[in-house]
Structures are given as structure tokens and as C-alpha cells.
Amino acid sequence: MIRWLVGAIGVSLVAAHALAADPVEIGIGYLGRAGIKSKLSLVEQPSENDGIAGARLAIEDNNTTGKFLNQHFTLEEVRLMEGDDVVKAATDLASRNGFIIADLPAEALLKAADTLSDRKTVLLNAGSIDDRLREQDCRANVIHVAPTRSMLADALAQYLVWKQWKRWLLVVGSHDQDKLYAEALRRAAARFGAKIVQERIFEDAGGARRTDSGVTLIQRQMPVFTQQAPAYDVLVAADESEVFASYLPYRTWDPRPVVGSAGLVPTSWDPAQDQWGAIQMQNRFIKLNSRRMTALDMQAWTAVRMIGEAASRTNSGDPQSLFGFLKGPDFSIAAFKGQRLTLRDWNLQLRQPILLVDGRMVVSVSPQEGFLHQVSELDTLGVDRPETKCKLH
Amino acid sequence: MRRRCLLSGLVAWLAAVTPAFAFIAYVSNEKSNTVSVIDTDKWTVTKTIKVGQRPRGIEFTRDGKFVLVAVGDDDKIEVINAAAQQVVDSLPSGPDPELFTQDAAGKILYVANENDNTVTVIDLEKRVRIGDIQVGVEPEGMAISPDGTILINTSETTNMAHFIDTATRQIVANVLVDARPRFAEFKRDNSELWVSSEIGGTVSIIDPAKHTITGKINFNVPGLRREAIQPVGISITKDGKTGFIALGPANRVAVVDATSHTVTKYLLVGQRVWHMAFTPDEKYLLATNGVSNDVSVIDVAAQKVIKTIQVGELPWGITIAQP
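Protein sequences, first through last, are from chains A and B.
Everything in the first sequence is counted per the numbering used here, starting at -7 for the first residue and increasing by one.
Everything in the second sequence is counted per the numbering used here, starting at 65 for the first residue and increasing by one.
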């Protein structure tokens, strides 16, 4: 019934030229960090505008729709340099914008969210995959558009189990995020029936990422590092710190596929994604930004589009009305992944299919067929309602 | 008097002994860059015509002499001579044409340019672009009202059905529908406009005069997850009593009572059914199954699938000789 009413309200509108009023302005802030996180692979080096480019395209898309609804969207971009105060920047952005798209590490995001909790600003997390932000550290004013580490690990595990590659050699980096990824992978293995036959740690011994002499040394190190393992089907690498995983494919002692942080990688989006009308999305992005669309771009695009979608359906620009709609049962968004995406009501995490990509093609999309769920098969990925530590209500 | 009797007798005798002409269906195969030609008496593919890249929208010209097919990656519309069954010409279309529709006289072509948020207007006789209309994001669905005064375009990411006055080429109304509207179809008496929402999973019934949604068709297939039900193509019988909706990866065509707007039956067809066309006598409805690379033939009166015909890869659109 409400669905119907909402549809009927926002429905019949006359062309813009008949309206004398100024458009309703909807201000969206983007808060990210300046600089890029370097990758081992030259072709994977992120652009300076990674993420923000997606937000810019979504503003354009929102404004195309907004023309018919007398709504106008603006994007205000802030990049934090090393040492900048996130609280100050967030407060300043919030004074002019009801929504902030954030690409920040967990600690900074929590500081921003807590500072703004009285203000009624809505934050959309487009960058951080940390589970803690959706569990014990969940916040009532944060919507999560980026997938969680557990969703990514589960997506990968489901495919490996489907493929019957159930014996895993897990190689973990020595940094904190690497260990978090390993934890998610262990959980996924137990959850879906894979067996980690052995774990190894790859210590970060420092040294230059790139040298002119290239592969000669790496070609010798990797086979030695991976020799004498018990029988395994696939090497699962947990290396978010970009120290070693990209060096593993085709160099393991035993001929085995590499997955995780290199080889077959779980991700929310990839420039190779061409299913479900995605070519249209990819083309529009390339046309505006003169480069291919990354997962972070897509996460930011989706976040900004969610605000646009709420504005269309409620025919309003008031952030609280839009937030109410986003949290309600009528909200869903189409994001070129073959089915509508909705928010988990217990922690405001966007449910979504996860792509498994090899850098050139989309190999598969999880959830895999056969993994069932009473509410939504998308909830077989990540931490589900009965398991959650988040208590927002 | 006697001569007339003789003549009509002769005609009647001829009609009795001459076999009925089969209708010819043309199917665009998005991936194999071909058009499959189907004989509706034998239910076989009689020819495969090579066309340009990424053929999707396909439609007979109003005079029945040509078949227009939008070849999206070549940024043009190719013209197939229906007698010779080969490509003889091409028309400008604006970039990335997907679906298009013609006015009743067959003089104007309206093309949805999906990448450009535009509907391009083309003079079919002069073969030039004569205008364009700025619409929402990712335009696809195109339909002309029975009286020719209104052009409908649906924008997939803006989620609207735009009502465009064909005389002034101005948008006069916009109706917000459920997510990802792919297709629009009028009832012949102009009493209703149906718009399918692929990701929303519904078909909206719109009053074309008031520009309001008066109802929605919802779908439910026991045992099938809701997300798989993705309505795309719509075909309504001339008498306005029965509607058929292609449900995409649900692999079914829903039969709908067009008065009560409720589903009466689900017909199992091939995989990822998107677009459909009636034979001119409305005895059969043909549906394209993109992922199983075939076309399903539905007996309209019996409401049964009677045949499956293998065509090219990723069959998309279908058009059958004009009634």
C-alpha cells in the first residue's frame, strides 16, 4: 500500500518549463584522502580521482533525472592531505551538504560519523570494507555501500567450493589488513566447507616496489616460498598491503591457481563487467572520465545514485526524508548487477552480488547457485542478521 | 451481375485451392550479428542475413516492404529488403541506437540513443536527422500512441516514461515508474499504457490522458526467487483483453487478464525471454529467448507453447509482417 502511495505521489509531473520555482537543491559532499594507494601492478595503479570520478558521473545522472523533477544536485569535493583533521573537514562539509560520501579508513570514518551524529547529516561509506563498521562499531548515521571484507571472502569461497577447489593453501601478509582478510577467509572456509591445509606468512621485508631488473629475482623467490606444501587445490593469498600476491600467479612451486588478492579476485565492480546493461554504464563513465571504471568508482556512483533515487521517489530534497526513505521497505536501486540492491535493515549495509574477476574477464558472480537463504540469497554473503553484533535500534 | 458472380466464385475457388501465405518473422541476434528469418508455416529458419554489429531493435516498415534493424555498435539502422531478404541500405540514427518506432504513416522514425540520453528524430524519406529530444538517462523503450500524437520513451536509469508531443517534439509529462523501465505498449483503444520495470519486477498501468499510474501487475512464481522475475517485453491483443509479458531470467511469459490486470497463467519458454511479436492474425505469439538462443512459439488461443526454433546467438528483437 505504501509502495503504491509513494509511487502515486511522485508520479505525475509536468515539464520543467511550466514551473516557475527554483529547483530544489540537494548538496552532496565527497570526503576522501588525497594521494593514491600504490599497487604492485602498473596497469592497476589507481587514478588520482579514483572514486570521485564515479560520484561525478552519478551527479550528472541525477541531474538528468532532476530536470524533470525540478531538483538539482551538487557535489563538493574535499581531499584530506596527510595530517588534515577529518573532524574539521567533515563538520565544514556538513554545514553545506546533507549527505557526505566518504572514502576513509575505519577510524577516520567513525570520527566523522560521531562528530556529525547530532547534525542529522547522512554519511555513505563508499570506501571501507572493514566488518567492524557494520558490527560492533555500526552507526545510525552511516549507510554502507562498499561491500564488507566478509562479503568478498564469502563470494570467493562460494565459487571455490562450487568448483570443488576445497583444499586451500592460505598465504597471509604481515600487516594488519592482511590478517583481517585472512580471518575473513578462514571464516568463509568453515562456513562453506573448504579446508585450509596450511597457512604461511609472507613477511614484508621492505624494499622497492619496482626495480629496473624486474622479474629475475621474483621468479626464483616465489617457487621457493611455495614449495613443500601439503596437497592443495588453490593458493589463497591475503595481501591487501600489496607486498607479494601479484607475484604469485604462474610462479607457485606446484601448478595451482592463485586467488584472493591476486589471480581470481572478488570485487564489487570491474571494467570488464558487461552483463545486465553494464556496457551502457561503462561507456558513460569512459566518456566522462577518459579512463575505465573501478570498484571504488562504482561504489561512489551507487552512493550518489541512491540519494538521487530517494529524491525521485519522495519528490523531496530534505535529507531526513530521503534518509527515512532509504531505510524504509520501498527503497531499492538498480546498479547493473542483474537484480535490485536493498539495504540490510539491521546495519544499513547494501546487499549486492560480488564479481569474481581475473583482471581481463568476469569469471563468475556470487552468490553461487545453490547457496540458499530464506530472505535473500545476497545474505549468504557476509555477516547475516542472526549473527550481527550491530544494535542500531 | 452474372460477371460479378463468376468473378467472386473464381476468387473463392482460388482461395480454397491456393495455400495461405506464411508470415515471415525476422529475429535480430545481438551476438552473432545476424537476422534469422522464420517461416511461420513450417516453423523453421529459412535464411540467416548478415547485418552490422550488435543488432537489437527490429521492425517492419509500415508498408511492409522493408525491415529496419538498429545495429548499435555501427551507429546506424540497416534496411533489409523483405522481398530479397538482404541488407540494401542504411539510415542515420544517432549514436548507439537500440529501440525505435515509426509514426503511423511510416514517414518519421524515432530512435532511442542509449548512450546519449537522446531520442533522435529521422525523416525516413529524406533519410536525414531532423531533430532530437533530450530525455532521461539510458533511453530504451519506444511507443507511439494509437492516434499518433504522443511518443513514449522510457529511460532506464532515470526510471521514467516520458510523454512527448509528436507535433512539437516537447516533453509534456513524465511518469516515474519502478526501476529500469525497458518497454512501453499502448492498448489499441488508447485507454492504457503499459510500462515494464525490469529490476522493479512490475508492469505499471498508466492512464495516458491523466499521466497517472492506475495499477500495477505483480508477478509471483512459486519456488522462483523474486529477483529472477524481470519483466521486459509486452504484447497486448488487438481487442485489449489479453496481455503477454516476457519475464526475462524467470524463463516464462506471463498471460495477463488485461482488464483485471492479474496474471492468469505462466508459460515456460526458453532462457531470458525478452521481446515478442504476434503474427498479424494473432494466432501465434513468438518470443525471443536470449540465453538459450531460440524462439518460442505460443498458440495464443490455447495459451500453450507449441514449438521452439533455434536461431542465432543472443536473439533480441522480433518483427513479423505488418497486419
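Hints may be right or wrong, so weigh each one.
Selected chain A positions facing chain B (in silico; Cβ < 10 Å) [as the list claims (entries may be wrong)]:
1) Asn54
2) Leu61
3) Ala326
4) Gly351
With a cut-off of at most 30 Å between alpha-carbon atoms, the simulated BS3-like pairs for lysine-lysine come out as follows [said to hold, decoys possible]:
5) A:Lys171 with A:Lys31
6) B:Lys280 with A:Lys279
7) A:Lys279 with B:Lys95
8) B:Lys371 with A:Lys59
9) A:Lys59 with B:Lys274
10) A:Lys171 with A:Lys155
11) A:Lys187 with A:Lys171
12) B:Lys114 with A:Lys59
13) B:Lys114 with B:Lys140
14) B:Lys114 with B:Lys251
15) A:Lys155 with B:Lys274
16) A:Lys29 with A:Lys103
17) B:Lys280 with A:Lys319
18) B:Lys280 with B:Lys129
The set of hints was computed from the structure by calculation and includes no laboratory data.
Quantities reported herein were computed from a predicted structural model and do not represent experimental measurements.
In this text, a Cβ means the ideal position worked out from N, Cα and C, and glycines have one as well.
Quick rundown of the hints versus the structure:
1. Evaluation of the A:Asn54 hint against chain B yields a held restraint, the C-beta minimum of about 9 Å falling below 10 Å.
2. With its C-beta approaching chain B no nearer than about 8 Å, A:Leu61 sits inside the 10 Å limit, and its interface hint holds.
3. Interface hint status for A:Ala326: upheld, as the beta-carbon distance to the closest one in chain B is roughly 4 Å, under 10 Å.
4. Because the beta carbon of A:Gly351 sits about 23 Å from the nearest beta carbon in chain B, more than 10 Å, this interface hint is broken.
5. Between A:Lys171 and A:Lys31 the alpha-carbon distance is near 18 Å, which keeps this suggested pair within the 30 Å criterion.
6. Proposed proximity of B:Lys280 and A:Lys279 is contradicted: the alpha carbons are some 36 Å apart, above 30 Å.
7. Proposed proximity of A:Lys279 and B:Lys95 is supported: the alpha carbons are some 24 Å apart, at most 30 Å.
8. Among the hinted pairs, B:Lys371 with A:Lys59 is inconsistent with the structure: their alpha-carbon atoms are about 47 Å apart, more than 30 Å.
9. The suggested pairing of A:Lys59 with B:Lys274 holds, with an alpha-carbon distance near 21 Å, which does not exceed 30 Å.
10. For a cut-off of 30 Å, the pair hint linking A:Lys171 to A:Lys155 stands: about 25 Å separates their Cα positions.
11. Under the criterion of a C-alpha separation no larger than 30 Å, the hint pairing A:Lys187 with A:Lys171 is consistent with the structure, at around 18 Å.
12. Restraint check: the Cα-Cα separation between B:Lys114 and A:Lys59 comes to about 41 Å, which exceeds 30 Å; the hinted pair is violated.
13. Taking the CA atoms of B:Lys114 and B:Lys140, the gap is near 15 Å; set against the 30 Å cutoff, the hint holds.
14. Proposed proximity of B:Lys114 and B:Lys251 is contradicted: the alpha carbons are some 34 Å apart, above 30 Å.
15. A C-alpha spacing of about 54 Å is found between A:Lys155 and B:Lys274, which places the hinted pair above 30 Å, so the restraint is violated.
16. As the CA atoms of A:Lys29 and A:Lys103 are separated by approximately 22 Å, the hinted pair is consistent with the 30 Å bound.
17. The hinted pair formed by B:Lys280 and A:Lys319 meets the criterion: a straight-line CA distance of about 23 Å does not exceed 30 Å.
18. For the hint pairing B:Lys280 with B:Lys129, the CA-to-CA distance comes to about 37 Å; that exceeds 30 Å, so the pair is violated.
Hints 4, 6, 8, 12, 14, 15, 18 from the list above are not met by this structure, while the remaining hints are.
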